[in-house]
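Take these sequences, add in the hints, and give me the full structure.
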Amino acid sequence: MSLALLIEQLLNGVQFGLMLFLMSAGLTLVFGVMGLINLAHGSLYMIGAFFCAAAAAATGNFWLGLMAGLIAAAAAGALIEVTVIRRLYNRDHLDQVLATFALILILSEGVRMLFGPFPLYLDAPAILRGTVDLGITQYSLYRLTLIVLGVAVAIGLWALIARTRLGIQIRAGENDREMIAALGVNIRALYTVVFALGAALAGLAGALVGAIQSVQVGMGEPVLILAFVVIVIGGIGSIKGAMVGALLVGVIDTMGRFLLPRFFATFLDPSQAMGVGAALASMLIYVLMALVLVLRPKGLFPAHA
Amino acid sequence: MADPVLELSHLDKAFGALKATDDVSLTLMPGEIHALIGPNGAGKTTLMGQISGRLPPDSGTIRFRGQDITRLSVAQRARMGLGRSFQISSLIPEYSARRNVMLALQARQGHAYRFVMPVRHDRRLTEPAIEILTRVGLEGRASVPSAELSHGERRLLEIAVALALRPACFLLDEPMAGMGTEGVGRLVTFLKDLKQEAPILLVEHDMDAVFRLADRITVLVYGRVIASGNVDEVRNDPEVRRAYLGDEVSA
Amino acid sequence: MRELRREHMLNALLAAALFAVPLWAYLVDEPFLITLATRVAILAMAGVGLNLALGLGGMVSFGHAVYFGLGGYCAGVLAHHAFNATPVLMGLDGTNQMLVIWLVAMALSGLLAAMIGALSLRTSGIFFIMITLAFAQMFFYFALSWPAYGGEDGLPIYVRNVFPGLNTMRPWNMFVIAFVMLMLVLALFAMIRASRFGAALMAIRQNADRVAAVGISPFGVKLAGFVISGMITGLAGAMMADLTRFVSPSMMAWQMSGELIVIIILGGTGRLFGPVVGAAILVGFEVIFGGLTEHWKFWLGLVLLSVVLFARGGFIGLLAGKERHG
Chain D
53 MSLALLIEQL LNGVQFGLML FLMSAGLTLV FGVMGLINLA HGSLYMIGAF
103 FCAAAAAATG NFWLGLMAGL IAAAAAGALI EVTVIRRLYN RDHLDQVLAT
153 FALILILSEG VRMLFGPFPL YLDAPAILRG TVDLGITQYS LYRLTLIVLG
203 VAVAIGLWAL IARTRLGIQI RAGENDREMI AALGVNIRAL YTVVFALGAA
253 LAGLAGALVG AIQSVQVGMG EPVLILAFVV IVIGGIGSIK GAMVGALLVG
303 VIDTMGRFLL PRFFATFLDP SQAMGVGAAL ASMLIYVLMA LVLVLRPKGL
353 FPAHA
Chain S
138 MADPVLELSH LDKAFGALKA TDDVSLTLMP GEIHALIGPN GAGKTTLMGQ
188 ISGRLPPDSG TIRFRGQDIT RLSVAQRARM GLGRSFQISS LIPEYSARRN
238 VMLALQARQG HAYRFVMPVR HDRRLTEPAI EILTRVGLEG RASVPSAELS
288 HGERRLLEIA VALALRPACF LLDEPMAGMG TEGVGRLVTF LKDLKQEAPI
338 LLVEHDMDAV FRLADRITVL VYGRVIASGN VDEVRNDPEV RRAYLGDEVS
388 A
Chain C
131 MRELRREHML NALLAAALFA VPLWAYLVDE PFLITLATRV AILAMAGVGL
181 NLALGLGGMV SFGHAVYFGL GGYCAGVLAH HAFNATPVLM GLDGTNQMLV
231 IWLVAMALSG LLAAMIGALS LRTSGIFFIM ITLAFAQMFF YFALSWPAYG
281 GEDGLPIYVR NVFPGLNTMR PWNMFVIAFV MLMLVLALFA MIRASRFGAA
331 LMAIRQNADR VAAVGISPFG VKLAGFVISG MITGLAGAMM ADLTRFVSPS
381 MMAWQMSGEL IVIIILGGTG RLFGPVVGAA ILVGFEVIFG GLTEHWKFWL
431 GLVLLSVVLF ARGGFIGLLA GKERHG
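So the sequences go chain by chain: D, S and C.
For the first sequence, this note's numbering begins at 53 and goes up steadily by one.
For the second sequence, this note's numbering begins at 138 and goes up steadily by one.
For the third sequence, this note's numbering begins at 131 and goes up steadily by one.
Rather than coming from a laboratory, the hints here were simulated on the basis of the structure.
Please note that a few of the clues may not be correct.
No more than 25 Å apart at the CA atoms, straight line, and that leaves these computed lysine to any residue pairs for SDA-like [claimed, not checked]:
#1 S:332 - S:140
#2 D:350 - S:167
#3 D:350 - C:452
#4 C:452 - S:332
#5 S:329 - S:167
#6 D:292 - C:242
#7 D:350 - C:242
#8 D:350 - C:354
So this is what it looks like as C-alpha cells:
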C-alpha cells in the first residue's frame with residue numbers, strides 16, 4: 053500500500069463527505085426550521101441527476117445540464133412543498149414519514165415514466181476530464197472540482213445564513229416560530245424558500261455525482277439514509293454538525309472500505325479477507341453512529357441546547 | 138419534633154445566567170400543608186421540577202423519608218411515594234377517568250410487566266379506582282375519556298391519580314387553577330381532610346385559598362426564599378408585603 | 131360500546147374472509163390464490179409485530195425489516211446447513227424443522243431488537259425514526275456484502291422446510307399453518323393490549339411524563355414492547371422464507387420497513403385487525419394494478435398520500451369508528 057493510494061482514498065472520502073453535506077444540509081435545515089422529516093429528499097437528489105444527465109445529453113453541454121438539474125430539483129421541491137409538504141407541518145412524525153414515503157413512490161415511478169427504465173450516463177465536461185498532479189499523487193480533476201465546489205457551496209451557505217436577511221429569518225424560525233410571525237415574516241413563503249433551497253442542494257449533489265455513477269431510479273435513498281446517519285451524528289438542525297458529520301461519515305466509510313480488506317488480508321486468505329473486510333466496512337459508520345448515540349444522544353452539535 | 142417527610146437543602150439551579158433556584162432550603166413536616174407562593178417567574182415550577190425529578194439541581198440535596206433522592210428518576214421517586222399533580226392537567230387523554238386512576242393503582246401495586254390478565258376485569262384495579270373517583274366526586278364521569286372532561290373535572294382527576302398512589306407526600310402544582318369559586322371551596326375542604334393522610338406541598342396562586350389552608354408558607358422571589366413561617370408571620374413580613382403582596386394589591 | 135362490538139364483528143368477518151377465499155380456491159384448485167392468501171397472512175403477522183411497537187407504544191420504527199430479514203435468514207441459513215449436512219457454527223447442526231427455525235428466529239430477533247432498542251430508545255421522535263432506519267440499513271449492507279450466504283444474490287431453500295404431521299409442499303397446508311399462526315399472534319396482541327403491560331405501553335404513547343410520574347419507567351416498558359414486537363416480525367420473516375423458499379437482503383431493505391408501516395396505516399394504527407386489512411390491500415393492489423400497469427407503485431403512492439392527508443384512521447377506523455378505552 054503506497055502513500056499515494058492512501059492520499060487518493062482520503063481525498064475520495066472528503067469528496068464523498070462534501071456531497072453528503074449537500075444532502076444533509078437541506079434535510080437538517082428543513083427539520084430545524086419546519087420540524088419536518090422528509091424522506092423524499094433522496095428523490096430530489098435523483099431528479100437533479102436525471103434532469104442534468106438528460107439536458108447534458110440533449111445539449112451536449114455539461115454546465116447547461118447542471119443548471120437544468122439544479123432548477124428541476126428546486127422547482128420540484130417548491131411544487132411538492134406547496135401541494136403536499138405544507139399540509140404536514142402540524143402533523144406528527146408518523147404522518148410525515150408516510151406521506152413522504154408515498155412521495156418517494158410517486159416521484160420514483162414518475163421519473164421512470166418520464167425517462168424510461170434504463171439508467172442514464174453523464175460524462176464529466178471535457179475540461180475536467182483527466183487527472184491533476186498533486187505532487188504525491190495523480191488525482192481525478194473532476195473529483196477535485198467536486199471538493200472545491202462542495203467547500204464553496206458550504207461557505208456560501210454559511211454566508212447566507214449568517215449574513216443575509218433570509219438567514220436571519222431562518223435562524224429565527226429555528227428558535228421560535230411565533231417570533232418570526234411577530235417579525236412580520238411571511239412564514240408560508242419562507243418555508244417554501246427553505247424547502248426549495250434544500251431541494252436545490254440535493255439536486256446539485258445528485259447532478260454532480262451523476263458523472264461518477266450511473267443515474268438510475270432508486271439512487272437517492274441510500275444517500276438519504278447516509279444523510280440521516282450524518283444528521284444523527286452531527287445533531288439535528290445544525291449546519292455545522294451536518295458538515296462535521298458528513299466529513300466523518302465520508303472519510304470513515306471510504307477509508308474503511310479501503311483499509312479493512314487489506315487489514316484482514318494480513319492474516320486471512322485474500323478472497324476471504326475481501327469478503328469479511330467489505331462486510332465489516334459497510335457497518336463502520338453505523339457503529340460510529342451508535343457510539344455517538346451512547347456518548348452524546350443529541351449529536352455532536354445539538355442545535356437546541 | 139418529628140422528622141421532616143421532605144427536606145430540601147441548599148438547592149441551586151441556573152439556566153445560563155439566570156438563577157432559577159438560588160440556595161433554596163425548606164422542609165415538609167408530617168400532617169401539614171406547606172404552601173409555596175411567589176410571583177410569576179419566581180421559580181416555583183423549576184423547584185417543583187427538581188423535587189419531582191424532572192430537572193436535576195446543579196447542587197444541593199433532596200431528602201425524602203430520610204433518604205437522599207437527589208439522583209433518582211421521576212419514576213423511582215414516584216414509587217417511593219412522591220405523588221404529584223401537574224400544573225397543566227397532564228393525563229392520558231384517550232383513557233377514561235377510571236383508567237387513568239387504574240394506571241396509577243397498577244403502578245403502586247408494582248406490576249407493569251403483567252402480560253396476561255385483562256385490566257378491565259381486574260378487581261384489584263377497578264374497585265379501588267371507583268372508590269377514589271367517588272372520593273373526589275367524579276364517579277359519575279368514570280367512563281369518560283379524560284380529554285373530554287371539563288377543566289375542573291380534569292383538575293379533580295389529577296388529584297384522584299395522586300390519591301391512587303397513596304403517597305407519603307403530595308406535590309400539588311396549582312390544583313385550583315381555573316376553577317370556579319364553588320370548586321375552590323370544595324377543594325379547600327377536601328385538602329384540609331387530605332393532609333391527615335399525607336402532608337401536602339402546595340403551589341398555588343389563589344391567595345385566599347392559601348391563607349385558609351396553609352400551616353406554613355414559603356415565599357419565593359427570583360429563585361430565593363425571602364420569607365418562611367406561619368400565615369400571620371408571612372402576611373406581616375415587610376419584605377413580603379413589598380415584594381409580593383404589594384403586587385397583589387396593586388393588581 | 132356499540133363501536134367496540136362493531137369492531138369485533140368486523141374482525142370476525144375479516145378472519146372468516148381470509149379463511150374462506152383460499153378455501154374456495156382450494157376447492158376449485160387455484161393454488162396461486164392460496165399462496166397469495168398465505169402471503170397476506172404472513173405479511174399481516176409481520177405487521178402485527180410492528181403494530182405492537184408503533185400502534186400501541188407509539189414507537190415509529192422505520193427499521194422493522196431488519197427483524198423480518200433476520201427471521202428469513204434464520205430459516206435460510208439453518209435449512210442451508212441441514213441440506214448440505216454442515217454445522218452452522220461450533221458443531222451446531224442446521225435444521226429444516228419449521229418449529230425449531232421459528233424459535234431460533236424469535237430468539238435472535240428479540241436479541242437484536244433489545245440491542246437496537248436499547249440504543250435508539252434513548253432518543254425519541256424524529257431521531258428514533260432515523261436511527262432505527264440506519265441500524266436496519268447497517269444489517270442490510272452486511273447481508274449484501276457477506277459472501278457466505280449468497281450476498282446480493284440471496285440464498286435459496288431447495289426443499290421446503292417441514293412441519294410435523296403436515297405435507298408443507300401442499301399450498302393449502304402451508305396456508306393453514308400461516309393462518310393458525312396469524313390467529314395465535316393476533317390473540318397474543320389482543321391479550322397484551324388488554325393487560326397491565328399494554329395499559330402502560332399505550333399510556334406512554336399518549337403521555338410519557340404522566341406515566342413516569344405515577345412510578346412506571348417508560349424506558350423499560352417501551353424496550354420490552356419493542357423486543358416482543360421484533361420477535362413477532364422475526365417469526366413472520368422466517369415463515370415468509372419458508373413460503374417463498376428464498377431469502378435475500380431485500381427482505382431487510384428500507385422499502386420493506388416502509389411497506390410494514392404502510393400495512394399498519396392502511397388498516398388502522400393500533401387496531402387488532404389493522405395489519406390484516408393493510409396486508410390484504412397492499413397485496414391485492416400489487417396483484418390487480420401490477421397486472422394493469424408497470425407503474426402501479428405510482429398509483430399506490432397517490433392512494434397512500436390521500437389516506438395520510440385525508441383519511442386518517444385507516445380502513446378499520448372508517449368502518450368501526452374511533453377507538454375507545456373505557
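Quick rundown of the hints versus the structure:
1. For the hint pairing residue 332 of chain S with residue 140 of chain S, the CA-to-CA distance comes to about 16 Å; that is within 25 Å, so the pair holds.
2. Between residue 350 of chain D and residue 167 of chain S the alpha-carbon distance is near 42 Å, which puts this suggested pair outside the 25 Å criterion.
3. In summary, the hint linking residue 350 of chain D to residue 452 of chain C is not supported, as the alpha carbons are separated by about 36 Å, beyond the 25 Å threshold.
4. Straight-line distance between C-alpha atoms of residue 452 of chain C and residue 332 of chain S comes to about 41 Å, which puts the hinted pair past the 25 Å bound.
5. Taken as a hint, the residue 329 of chain S and residue 167 of chain S pair is honoured in the structure, with Cα atoms around 13 Å apart against an allowance of 25 Å.
6. Proximity of residue 292 of chain D to residue 242 of chain C is assessed by CA-CA distance (about 33 Å); at most 25 Å being required, the pair is judged violated.
7. For the hint pairing residue 350 of chain D with residue 242 of chain C, the CA-to-CA distance comes to about 23 Å; that is within 25 Å, so the pair holds.
8. Between residue 350 of chain D and residue 354 of chain C, the direct Cα distance comes to roughly 23 Å. Compliance with the 25 Å bound is thereby established for this hinted pair.
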